[in-house]
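Colleague: From first to last, the protein sequence lines stand for chains Z and L.
With numbering that gives the first Met the number 0 applied, the first sequence covers 0 to 89.
With numbering that gives the first Met the number 0 applied, the second sequence covers 0 to 289.
Treat the hints as calculated values from the structure; they're not laboratory data.
Check before you lean on any hint, since a few could be wrong.
[Unchecked claim] Example chain L residues on the side facing chain Z (calculated, C-beta under 10 Å, incomplete): (1) V2; (2) E6; (3) E236; (4) D246; (5) T249.
Glycine residues also receive a C-beta, built at the ideal position from the N, C-alpha and C atoms.
Chain residues, written in single-letter form:
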Amino acid sequence: MNLSDKVSIPTQVMARTVGDETVILDLASGTYYGLDPVGARMWQLMVEGQTLAAICDTLLDEYEVTREALEGDILRLTEELRAKGLVSLA
Amino acid sequence: MSVHYTEQTARPLAPVHEAPFHQWAFPDGTLWTQFFRQGAGYLLRFPDLADFEVSADGASVQGFPAPGLTSPTVEHLYLNQVLPLALSRQGKLVLHGSAVDIGGQGVAFLGESGRGKSTLAASFATEGTRFLTDDGLLLEWVDGRCMIIPSHPSIRLWEDSQAALVNESMTMAPAVSFTSKARFLAGPGIAFCDEARPLRRVYFLGEGDALAPAIEPLRPAEALIELVKHSFLLDIEARDMLMRHFDDLTRLAELPIYFRLDYPRDYEALPAVREAIIQHALEQSESTAT
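If we strip away everything but chain L, and leave its shape as in the complex, we get:
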């Protein structure tokens, strides 16, 4: 990835006098990330955890852990939150999504936190279907085709997903201290695809109301709105970049590849969900292949 990252020594998170220009909060209102301007660049603050200074062009990032925070936690924040934001500042397209390689085709799952993106990707990867990313879905156009670029070979799972999916052949990365989501490195138990794959299907994950796997097509305008909602974007006030981003997403939305996918959130149902996805993705790509 084309971002130069350095981790600096710990320092207290000093008060910032200006108001943040943007912030992310959890549904319960707890602050997760604050976005400040700092000179021409940016300061991303994860309260009580770390600061990240991002250069104006998104090409370099420095991480400053809060005193007492472990290095894996900072690295984890960097890889999953800061890196996608920095890439977005370089004009790259990064979405909140996971992806797997089904028969050489890239199949992506987009959804908000907690919708099951990582669980689904891990469920495929532990059964031998290789994953490309578990979050931070990086897309690039190559010779007129939209490609999924593989991210770092690890998957993070919440504790209940771990119990259902993990077996002893997996290597666990050092636990991070701010979340019950542990990180698993790819290895014998979790298959990773390290080559770019053409984007063939995008499934937006529903809320889990369906009693059985259900897949419905989305109209291009619906897909565009969903793509906007699921974008990583560092500077939501940079109008030129925002316009370009909107254009990129519009081009993407015109592909006939978008579906809404819902299924019961029950680990025992996962084999049937995988089966339904594989069948649907292969059928669809055969019928649209030219």
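Next comes chain Z alone, as it looks inside the complex:
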């Protein structure tokens, strides 16, 4: 996986935003996950079909963070979501 990848959301996964967080429901396993506000924003951009690099560009304008740290964070989150079957590489 690298920054030029895009992800897609499998059909058995549903997500809803409440307040500034996101709750993800995996219908296949019946399990639930929560994303904090930053994770929720990353998720929103992923759903829009942007590459991870483009998501980084967007978020650099929104948060006080270095590109290096942000890239690490987004790759980590994507890997975690992928490992749980909540996203797949498009």
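Take the given structure of chain Z and dock chain L to it, following the hints.
Modeller: Frame of chain Z, contents of chain L only:
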């Protein structure tokens, strides 16, 4: 309630050849309910007790007791387990919870079996605070407000709760044969509210580790996850309904009304628990009322 129910004559629970698409079990692994597809509708089996056939739209249910099972047991299963599931198939929102009317406001208690929902509702109702439901919390949006719809006027309690709460002025419904939970009909000793009340507070019941009543707010996302966990849902594979259900719960989770409530599970502590809840519910609804 908008479900047509008929109880049929007893019949043996015939083997079902397909595997259930869903089941409920007790923590010890004992099967409680199996969910089968039957044509376009559903067969709900309570092993050794009864079968219920539910139409595809959830509008009608037929109960088939196992030979030797008494009618009150079947009715009890119907009211507390099958009816909420059938309503969920009609797109209605039904949660595992009890509710009481505090100062005209609906206050709900959600929790898994054994967390004390019924005991708490009964504790209020025997002190004159009217209860709306002891399980199967039915919610409906009316003119932009989420309302609690009253259920049947009875409360079920486990034996130890009965000893602590029951006095002689209560009428006991015929005992049911599958559980030590007896059912009490509302009457002079147990106050029932038969009108819908706006949902103002939801308390998710903790495990009983607290030494004194403790109330903490929940974030909307935490509330949503709890609401999902506490939902009655007949067909967990019907994707369109599930999406709508998730949307309904999301709308509900956005209300600023969710708290975690824990307190020692000691009957002598109940008056203090009631007091803490009443004070909290009234304070909160005053501060959020517009």
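Colleague: Hints first: check each against the structure and report whether it holds.
Modeller: For each hint, the structure was consulted:
Taken as an interface hint, V2 of chain L does not check out: its beta carbon lies about 26 Å from the nearest beta carbon of chain Z, beyond 10 Å. Proximity of E6 of chain L to chain Z is violated relative to the hint, the smallest CB-CB distance being about 32 Å (cut-off 10 Å). Look at E236 of chain L: its Cβ gets to within about 8 Å of chain Z, closer than 10 Å, so that hint holds up. Given the 10 Å rule on beta carbons, the hint for D246 of chain L holds: about 7 Å separates it from the nearest Cβ of chain Z.
Taken as an interface hint, T249 of chain L checks out: its beta carbon lies about 4 Å from the nearest beta carbon of chain Z, inside 10 Å.
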